[in-house]
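Residue strings, one per chain:
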Amino acid sequence: MPARILSFGDSTIEIVTHSDETSDLVDMLFKGVPDKGINPPHARLEISQDRDDDYRLTRDEKQIYKGDSLAALANSLMDTSIYNLADKCSSGLLFHAACLSWKGKGVILPAQSGHGKTTLSAWLLSNGFDYLTDELVYLPLDSRQAMCFGRPLNVKYGAREIIDGLLGDNKDDDSIVAGPIAMLVPPQLVRADNKTVEPEVNMVFFPHYRADTEFSLEKLSAAQTGMALMSCLVNARNLAGDGFPATVSLARKVPAYQLTYPDFDGVLGTITGLLDEH
Amino acid sequence: MEELDDEVLLYNPTNNKTLYINKSASVIWQLCNGEQTTEEIISMIQDAYPGNDDDLRQDILDTLKNLADNDVVSLS
Chain Y
2 MPARILSFGD STIEIVTHSD ETSDLVDMLF KGVPDKGINP PHARLEISQD RDDDYRLTRD
62 EKQIYKGDSL AALANSLMDT SIYNLADKCS SGLLFHAACL SWKGKGVILP AQSGHGKTTL
122 SAWLLSNGFD YLTDELVYLP LDSRQAMCFG RPLNVKYGAR EIIDGLLGDN KDDDSIVAGP
182 IAMLVPPQLV RADNKTVEPE VNMVFFPHYR ADTEFSLEKL SAAQTGMALM SCLVNARNLA
242 GDGFPATVSL ARKVPAYQLT YPDFDGVLGT ITGLLDEH
Chain A
120 MEELDDEVLL YNPTNNKTLY INKSASVIWQ LCNGEQTTEE IISMIQDAYP GNDDDLRQDI
180 LDTLKNLADN DVVSLS
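Just so you know, the protein sequences line up as chains Y and A, in that order.
Numbering-wise (this note's numbering), the first sequence opens with residue 2 and increments by one.
Numbering-wise (this note's numbering), the second sequence opens with residue 120 and increments by one.
If you're looking for bench data, these hints aren't it; they were derived computationally from the structure.
Keep in mind that the hints are not guaranteed to be accurate.
As the list claims (entries may be wrong) - Simulated crosslink set (EDC-like; lysine to aspartate or glutamate; CA at most 16 Å straight-line):
#, chain 1, residue 1, chain 2, residue 2
1, Y, Lys254, A, Asp124
2, Y, Lys220, A, Glu126
3, Y, Lys106, Y, Asp277
4, Y, Lys37, Y, Glu15
5, Y, Lys254, A, Glu122
6, Y, Lys254, A, Glu121
7, A, Lys136, Y, Asp243
8, Y, Lys220, A, Asp124
9, Y, Lys254, Y, Asp143
10, A, Lys142, A, Glu122
11, Y, Lys37, Y, Asp11
The following block holds chain Y by itself, in its conformation from the complex (with noise of 0.2 Å):
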């Protein structure tokens, strides 16, 4: 009965699985997040499979997800680890943000769902960042190095053709895991030699797709760097001051800009020439 741990700040899970078929997706999902924890893990996924051979998500006991798609267990299985991470993380800020590198110097993205940050973080993964998540970063408190939830690049369908174009070759490749939402690509597919590495941030850019607009780039002041950044924190209540003071800490740190693109023209130029000169 194989265990796998997951462990991001504080917060610790196991994943027990039962067969080699789910034991795979499981390291192909979490290849890239710890497998030591601080803390003993405070909840138990199990993954089984029924009579019928209909897979069986379980949290503590608990059904979460029962059906004969792998793919759509793959979806929950994600879900519900980071939630479940997230949860009980309090030792350091949570934002869900995509992060990557870019010779050493890390850039996180924050933004709520469909802002165009898996898409985003894909095009510059293929253009020589280093791509570490899509989805969550962690900063422990008093500290900007980022330890990153590192998942496969999440992708929308509405992205596939972008995708698809970065893939190349690989866009059929068997370790894409194919959702009822999203695709789940791992990233080095889209770039061979991307390394996970945990950079401290240098920067950080609010990123907002619009195909009605104009490319800009807005510097924010630091008081408004604090307001976006409140909108990403996902363990506010675990945190003294529902994290206040620490995110408005990093706020005034870190320099950060409002980055709206109808395409990617000028995105990577702008990003790289801010992250050279920082």
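The hints should help you fit chain A onto chain Y, whose structure is shown.
Structure of chain A alone, referenced to chain Y:
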């Protein structure tokens, strides 16, 4: 509350809302100390920034309404 340069960021733990107050609005917010009425605040700012009193009055009222809508001040 955090003052960042000339701007202010307010966090209300009762509704988990964060409110950004820009440089102009922070002047108004700082006058909301419980001692001045709305009319007194308008008068003080009009004295400090003479010019188009009607526009300024409306801007101040809009700002006060925004602050009140976010439970940061109560209007008398």
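Hints and how they fare:
1. Y:Lys254 <-> A:Asp124: Satisfied, since the Cα-Cα distance of roughly 13 Å is no more than 16 Å.
2. Y:Lys220 <-> A:Glu126: Holds, at roughly 15 Å.
3. Y:Lys106 <-> Y:Asp277: holds (9 Å)
4. Y:Lys37 <-> Y:Glu15: With Cα atoms ~10 Å apart, Y:Lys37 and Y:Glu15 stay inside 16 Å; holds.
5. Y:Lys254 <-> A:Glu122: holds (14 Å)
6. Y:Lys254 <-> A:Glu121: holds (14 Å)
7. A:Lys136 <-> Y:Asp243: holds (11 Å)
8. Y:Lys220 <-> A:Asp124: Cα-Cα ~15 Å, so holds.
9. Y:Lys254 <-> Y:Asp143: Answer holds: Y:Lys254 to Y:Asp143 is near 11 Å, not above 16 Å.
10. A:Lys142 <-> A:Glu122: holds (10 Å)
11. Y:Lys37 <-> Y:Asp11: The given pair, whose Cα atoms are some 10 Å apart, holds under the 16 Å limit.
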